[in-house]
Amino acid sequence: MREMIKMLIVLTILATLSGGLLAAIRDNTKDRIENQVLEFVQGPAIRSILEGASNELVVDRFQIKDGDTERTFFVGVFEGEPRAIAFETFGKGGYGGDVGLMVGIDTKDAKLLGVGVTTHAETPGMGAKAKTDPSFVAQFKNLPLAEPIKVTGDGGTINAISGATLTSRAVCSATNDAAKIYEKLKPQLADKLKEFKK
Amino acid sequence: MARSIVQEFSKGLWDEIPPFRLVLGLCPVLAVTKSVENGIGMGLATTFVLVCSNVLVSSLRKVIPAKVRIACYIVIIATFVTVVELVMQAFAYPLFLKLGIFIPLIVVNCIVLGRSEAFASKNGIFRSLLDGLGIGVGFTLSLSALAAVRELLGTGDLTIWEKPIQVFGPSYQPFSFMIEAPGAFVALGLMLCLMNLVPKK
Chain A
1 MREMIKMLIV
11 LTILATLSGG
21 LLAAIRDNTK
31 DRIENQVLEF
41 VQGPAIRSIL
51 EGASNELVVD
61 RFQIKDGDTE
71 RTFFVGVFEG
81 EPRAIAFETF
91 GKGGYGGDVG
101 LMVGIDTKDA
111 KLLGVGVTTH
121 AETPGMGAKA
131 KTDPSFVAQF
141 KNLPLAEPIK
151 VTGDGGTINA
161 ISGATLTSRA
171 VCSATNDAAK
181 IYEKLKPQLA
191 DKLKEFKK
Chain B
1 MARSIVQEFS
11 KGLWDEIPPF
21 RLVLGLCPVL
31 AVTKSVENGI
41 GMGLATTFVL
51 VCSNVLVSSL
61 RKVIPAKVRI
71 ACYIVIIATF
81 VTVVELVMQA
91 FAYPLFLKLG
101 IFIPLIVVNC
111 IVLGRSEAFA
121 SKNGIFRSLL
131 DGLGIGVGFT
141 LSLSALAAVR
151 ELLGTGDLTI
161 WEKPIQVFGP
171 SYQPFSFMIE
181 APGAFVALGL
191 MLCLMNLVPK
201 K
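Sequence lines, in order, name chains A and B.
Here the numbering used here is used: the first residue of the first sequence is 1, the next is one more, and so on.
Here the numbering used here is used: the first residue of the second sequence is 1, the next is one more, and so on.
Just so you know, the hints here were simulated from the structure itself, not pulled from any lab data.
Be a bit skeptical, because a hint or two may be false.
[Stated by the list, open to error] Derived BS3-like pairs: lysine-lysine, alpha-carbon spacing no greater than 25 Å straight-line:
#	chain 1	residue 1	chain 2	residue 2
1	A	K6	B	K62
2	A	K192	A	K180
3	B	K67	A	K30
4	B	K122	A	K6
5	A	K184	A	K92
6	A	K108	A	K150
7	A	K111	A	K92
8	A	K65	A	K30
9	B	K67	A	K6
From just these sequences and the hints, can you work out the full model?
Laid out in structure tokens, this is it:
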């Protein structure tokens, strides 16, 4: 009996201490980790989409509540005006699950600035080309937001990556989602961008 | 068979060098040794966990009840592994992306648990520290050596601090089999074989 109680006490104390220690470390590294994730996962996509912006990319960002989800928007300043935004959406139906896509929108001309794949689990050499082959995502550049974007097989203009129609469709649907989100949040976005000016 | 303090450390470098002599912890050995950088990163992470868990297990060896010792060791090891994981995410995110799942898997690495059970639970704090350090350094060296062989043959380059150094020159045809999974087994087997050619004292 005494042995049993000792076992309980030792394990409980150990687990409590380790829980406390980990909580403390987590609290102290949380912001840094968040920044690192933005820098290395979303960062490259943002930098390529908002290329030529004069502000500090990735650092300049704000959040807007969209229903239950909080979305992060990255700002790009062109010609002294904060007119470009980029944010991440997830395209359903990729071959290996959802495809994370950073979508850049020019708020002045209501057109796409470009897109870039952030996270995915597509097949290397096939669907993964969406991320590694710049010629695929280059097709999205300067497309108007008003029309839904589709691959050629579905009656659209985007040439799908050969052998990876599912991935290409997922990228298109993520882009279309982004356009919808942008339409919905337009007023709030405009306010935030105005604030950003000063 | 009492060892001197120096031997406590140096045994991890040859006599009990983990993947080759103890043949323990093969999962990360085979999986992450695609480049020297990954090997060193994984080795250092494991060394940190080994040293910390060895010291803590050794200092608690009289408090921990025998029946739940494994559970206690795992709690201790898992704590330090999570510390490594968080710190690596915060300060070396690209390395964390490459090592990925193998960092949390240090928890179930038998080298770490093995040293706690076989050494730290029976020896003093200082000796346990040296043991952890020795085995850790040995593990790091083995990972780096294996990774160097694989990277060199597989790509012709050696990458150090993200800078590739062309060793065999541009005309080298990469033997990319070596950086695939089967290459890991072949390289490990050949290195084991070479080590066994050295006669034991």
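Each hint, compared with the structure:
no. : hint             : result
1   : K6/A to K62/B    : holds, 12 Å
2   : K192/A to K180/A : holds, 18 Å
3   : K67/B to K30/A   : violated, 37 Å
4   : K122/B to K6/A   : holds, 20 Å
5   : K184/A to K92/A  : holds, 20 Å
6   : K108/A to K150/A : holds, 23 Å
7   : K111/A to K92/A  : holds, 22 Å
8   : K65/A to K30/A   : holds, 21 Å
9   : K67/B to K6/A    : holds, 11 Å
In terms of the numbered hints stated before, the structure departs from hint 3 and from no other.
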